[in-house]
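Undergrad: Protein chains in written order, with full-length UniProt numbering: chain A, 1 to 144; chain G, 1 to 281.
What the hints contain is simulated information worked out from the structure, not anything from laboratory work. One or more of the hints may lead you astray.
[Claimed, not checked] Below, simulated SDA-like cross-link-like pairs (lysine to any residue); rule was C-alpha separation at most 25 Å, straight line:
1. A:LYS100 to G:PHE174
2. A:LYS126 to G:CYS97
3. A:LYS43 to G:LYS176
4. G:LYS235 to A:HIS95
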Amino acid sequence: MGRKSEKSTEVATEEAMEVDETPAPATETTEVEEEEDLNVPAKKKMEILDPTSFEQDPSNLTLIMYEEDHTIGNSIKHILSRMDEVEFCGYNVPHPLEDKILFRVQTKDGINALEVLAKAFESVEKIFSTIRGKFEDSYATSSS
Amino acid sequence: MPYANQPSIEVTEISNDLIKFVLWDTDLSVANSLRRVFMAEVPTIAIDWVQIETNTSVLHDEFIAHRMGLIPFISDYHVEKMQYTRECECAEFCDECSIPFILQMKCKDEATLAVTTEHLVALNPDTTVRPACGQALRDRGASRDEFHNREEILIVKLRKGQELNLKAYAKKGFGKEHAKWNPTTGVAFEYDPDNALRHTIYPNVEEWPRSDHSSLPEDSVEKEAPFDPHGKPNKFWFSIEGTGALPAQRIVTMGIGILKRKLEELNMALSVELQAHAQQQ
Numbered sequence: 001m002g003r004k005s006e007k008s009t010e011v012a013t014e015e016a017m018e019v020d021e022t023p024a025p026a027t028e029t030t031e032v033e034e035e036e037d038l039n040v041p042a043k044k045k046m047e048i049l050d051p052t053s054f055e056q057d058p059s060n061l062t063l064i065m066y067e068e069d070h071t072i073g074n075s076i077k078h079i080l081s082r083m084d085e086v087e088f089c090g091y092n093v094p095h096p097l098e099d100k101i102l103f104r105v106q107t108k109d110g111i112n113a114l115e116v117l118a119k120a121f122e123s124v125e126k127i128f129s130t131i132r133g134k135f136e137d138s139y140a141t142s143s144s
Numbered sequence: 001m002p003y004a005n006q007p008s009i010e011v012t013e014i015s016n017d018l019i020k021f022v023l024w025d026t027d028l029s030v031a032n033s034l035r036r037v038f039m040a041e042v043p044t045i046a047i048d049w050v051q052i053e054t055n056t057s058v059l060h061d062e063f064i065a066h067r068m069g070l071i072p073f074i075s076d077y078h079v080e081k082m083q084y085t086r087e088c089e090c091a092e093f094c095d096e097c098s099i100p101f102i103l104q105m106k107c108k109d110e111a112t113l114a115v116t117t118e119h120l121v122a123l124n125p126d127t128t129v130r131p132a133c134g135q136a137l138r139d140r141g142a143s144r145d146e147f148h149n150r151e152e153i154l155i156v157k158l159r160k161g162q163e164l165n166l167k168a169y170a171k172k173g174f175g176k177e178h179a180k181w182n183p184t185t186g187v188a189f190e191y192d193p194d195n196a197l198r199h200t201i202y203p204n205v206e207e208w209p210r211s212d213h214s215s216l217p218e219d220s221v222e223k224e225a226p227f228d229p230h231g232k233p234n235k236f237w238f239s240i241e242g243t244g245a246l247p248a249q250r251i252v253t254m255g256i257g258i259l260k261r262k263l264e265e266l267n268m269a270l271s272v273e274l275q276a277h278a279q280q281q
């Protein structure tokens with residue numbers, strides 16, 4: 001699945017629209033890429049589920065986050081659910097043996113769900129920054 | 001920061017292997033992220049690869065390899081400089097991602113010989129990574145006074161003629177991968193000490209001890225506060241006990257650092273997606 005999408009983006013960016021008689025070099029380059037993949041597996045952190053429907057309606061987003069679990073998922077869900085732009089949000093661990101979570105965001109009309117999500121990430125990051133700052137202050141005063 | 005209130009934190013007790021703090025004005029999900037990250041994602045060093053040359057002891061090879069894995073190692077000076085083996089450039093083991101140890105013991109006396117962490121020798125004598133017990137901790141000097149009377153950890157006992165000869169590599173890892181890398185022996189996490197939210201049901205009310213943080217009056221016979229249907233947990237009592245691999249305070253700071261790094265990574269991946277989709281629209 002990942003390979004398929006790589007291929008299509010490559011065709012879109014590198015060869016734009018004028019392809020007709022160069023399918024051979026295209027497959028060559030993907031082959032080289034695959035060889036590289038064997039040595040250093042390029043792990044994807046994030047993937048949009050059904051990107052075509054997201055492009056039609058950017059207020060509706062289902063995002064796969066790899067190598068994440070409740071640790072991050074639950075805090076982001078909590079922040080998102082408090083945001084005014086958000087109509088609905090939730091996350092799901094599809095299977096305990098698969099190291100990924102699904103994140104579903106439905107924003108109010110005309111608001112891009114990805115941008116809202118970026119805002120939520122920043123908020124959670126700020127929360128942990130304040131916790132770290134205050135922990136270090138409190139630790140310094142109580143240990144001295 | 002419009003959607004997140006400002007949490008507060010107060011450290012109430014500290015020692016090298018125990019830290020207690022109170023966190024308030026934040027959500028259960030945030031507090032729970034902290035708890036989860038301390039146990040599962042703070043890296044430490046533990047033996048992960050054992051090659052057994054000779055083993056004529058009563059324990060079989062796998063048993064000994066497993067026991068080696070569970071020994072805690074002093075990690076605070078070295079983990080952050082160390083690479084994960086899977087991310088390291090070397091083919092198998094190198095100084096960046098592993099620390100070699102050897103253990104060569106043979107019992108020549110009539111008496112039983114106890115093979116302990118004392119006999120586990122680091123091939124590089126300068127390494128700070130040592131079993132978090134006994135002599136190695138005593139050598140570390142005054143900063144870890146409380147550990148001084150800790151004994152060496154027993155690996156196996158040998159009788160006359162039995163021999164154990166092995167090589168082991170300690171590697172960096174985290175608790176999500178194997179519990180031997182868990183830096184904590186216990187994380188106490190408490191909220192709603194009087195059960196006003198009824199997140200739990202006391203099966204036998206009489207046997208339920210009152211929490212240390214209870215706000216019920218001293219002389220009251222009540223076991224729980226009246227039900228508060230619209231309440232939300234707001235104050236969280238943490239108590240983190242370390243294995244000796246990391247000082248308790250480091251577990252907390254490293255844990256929060258890891259959460260922040262995760263969010264930065266996610267944010268970067270998200271901006272890549274945003275750009276990709278802005279182009280296509």
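Undergrad: Please work out if LYS235 of chain G and HIS95 of chain A have their alpha carbons no farther apart than 25 Å.
TA: violated (32 Å)
Undergrad: Is it true that the CA of LYS100 of chain A sits at most 25 Å from the CA of PHE174 of chain G?
TA: With Cα atoms ~17 Å apart, LYS100 of chain A and PHE174 of chain G stay inside 25 Å; holds.
Undergrad: Within 25 Å, alpha carbon to alpha carbon, are LYS126 of chain A and CYS97 of chain G?
TA: Since the Cα atoms of LYS126 of chain A and CYS97 of chain G sit roughly 32 Å apart, the hinted pair is violated (cutoff 25 Å).
Undergrad: Is the hinted pair LYS43 of chain A and LYS176 of chain G satisfied, with a Cα-Cα distance of at most 25 Å?
TA: Between LYS43 of chain A and LYS176 of chain G the Cα gap is close to 18 Å, so the pair holds against 25 Å.
Figure legend: structure checked against the earlier numbered hints; hints not met, in rising order: 2, 4.
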